Each structure stands twice: as structure tokens, then as C-alpha cells.
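Enquirer: Numbering-wise (my numbering), the sequence shown opens with residue 34 and increments by one.
No wet-lab data here; the hints were simulated from the structure.
On a predicted model such as this, the values are computed, not experimentally measured, just so you know.
Ideal Cβ placement from N, Cα and C applies to all residues, glycine included.
Straight-line Cα separation of at most 20 angstroms, EDC-like style, residue types lysine to aspartate or glutamate; simulated pairs:
1. K126 <-> D173
2. K126 <-> D311
3. K273 <-> E323
4. K124 <-> D153
5. K273 <-> D290
6. K190 <-> E314
7. K124 <-> E314
8. K124 <-> D149
9. K124 <-> D173
10. K126 <-> D149
11. K273 <-> E194
12. K145 <-> E314
13. K124 <-> D311
14. K190 <-> E323
15. K145 <-> E312
16. K106 <-> E60
17. K126 <-> D153
18. K206 <-> E281
19. K273 <-> E231
20. K145 <-> E323
21. K124 <-> E312
22. K206 <-> D216
23. K77 <-> E46
24. K126 <-> E312
25. K190 <-> E312
Restraint ranges, calculated between C-beta atoms of paired labels, are given here:
26. E281 <-> S261: 16 to 26 angstroms
27. R310 <-> D149: 14 to 24 angstroms
28. R105 <-> G192: 46 to 56 angstroms
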Amino acid sequence: MRLPHVTWLRAFEAAARHSSFSDAAIELNLTPAAVSQQIRLLEKYLGTPLFRRLPRGVVLTDMGQAYALPVRKSFFEMQEATDGLFHVRRKRKLRIRASISYATLVLAPRLKAFHDLYPDIEIALSTAVWSDRMDHETIDVDIRYGTGHWNETDIWKLGDEVATVVCHPDHLKSFGAHPRVQDMLQAGIVPVLGSEIEWRRLSDQFDLGCPEPPVWLTADSSLIALQSIAAGFGAALIHKSFSQPFLERGSLVSPFDYCLPIREAYYLVFNDDTGGRDEIETFRSWLTGEIRG
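Generate coordinates for the entire structure from the input sequences, incorporating the hints supplied.
Expert: Right, here's the structure in full:
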């Protein structure tokens, strides 16, 4: 016996699932009369009734019940095969900008975890040393350093920052068994451009009485400062979130307990023209959870 017409089978499967010709008609974008006609043609072709017509709705006969299961399974398997072989999931693209230090030391090491959770969101990451506004055509999300007072509407603080003094282990050893922070700073520091005042704040807050330390190198980013002192000489006052990877690897140490609270922080800033896209909120929720965790 040849297979019945597929449109009859589709009408039968939908009606069997809903126990209603009317509901099946809504799903299939047909009239109830058209669904009823297709099922009658199927019953005539098979030579057996598949439904009992009741005053309110329909009920499958025993033969209809037995037939509905393999028909439903067949449609499911055809749909699954079609999706698996021919459906290409559209990737959503999220364009993010961050400072070179934040992108390299905080964000990039975490992006695989984001990809594992949301493989359909493609990240385009760009970097800048200083930024206080977005090119609306190329940036969806900015990770920006400052006080949070900008013109954009959606601004989310990523957490408070503290800075600590870090140096190479060998550099620390050169100051003997009981090193003093004053001696280390007088040997030479690597300030990050724009944060030179933090050294004075460190001395004042902890009553260190340090004179202005000599500068042997000025870096325009924390990343450059960290890489420079990791070569073996000098000290830097760096955000703990940036120095942590170097401390964990043992390429730098933080020998003193002074933690200087930083007035500024990193913020997520949304482009006002993004229109509330789901992938942006997904990224915000994920990143804030990562940072707080």
C-alpha cells in the first residue's frame, strides 16, 4: 500500500495532538472544514475511521491512536533531520571596546567561558588606550574607565578597584630580608600615564612619608607597566584585577599589605542606538556575574 498524501497525514497528526479539528486548523492555517475533509480522505484511503466525532471535539479510535504515534514520530524525525542538516543558525555579533589592559588581562581570558555558554554570539573585541565616547557605527558596548558621568543612558558599574604595589621577586630580594616600601619606591617606579597622583595618595593614606619617587619609565597602560617590571626591575602601583594574573603565575609579587582604594572604576556603557538587543543584556549579565564572582 502506498503512503497516503502528506497533507492528509499532517492534518491527522495535528488533529490527534489537539483532539480538535478547529485547533488543528488554526495551527495549519486552514479552515476546520478543510481539516475535516483531509481526514475524511485519509480515513477513506485507509478504509477505517481514525476519529470518533463528538458534540464537542473528537477522540481517536483505537486504530487512530495506534496510527498517531508512528505518524507523529515520523514528522518529528523529519523536522529534526531538516534542522540538523540544513538549518544554519544565525550568529549574533556583539562589538565590544575596552582598554588594552582590561581587554588583555580581565576580559580576554574569560571569553571562552562566554562562548561555551552562548556559541551563537560572536564577539568582536577592539581596544583603545583612552576613550570617552563611542563611534555609533562600530561599537555596541564600551568598557570604560572613569567616574561613570557620561552622556549615555545605560551605564553599569563593574565593581570597585584597589591598587597594590607589585614588583619582580628578584627585585624584592635586592632589598634584603626585611624590605621597606620606601626603599623600593626610591629605587625607581613605573607610573601609568594619568595615575601619577596615586603614588602621593598611597604615601598620604598609609603615612609612609615617601618623597617623590624617581621614575625610570612611564607607561601609557597598566599592561605595559606590568610587562616592564616583570623583566626584573622597578615597582608599579597597579589595579589588583590587572596584576592578579602576574601574581598567580609568580612573575610578580605584592610584598606589602597596602591596598589603595581607587576613585574611578570600570563601567559597561551601552550604545544608545543598540535598541535593547538581547545579546547585549546577555553579555552584561554574564560579565557582571564573572567580575563579582
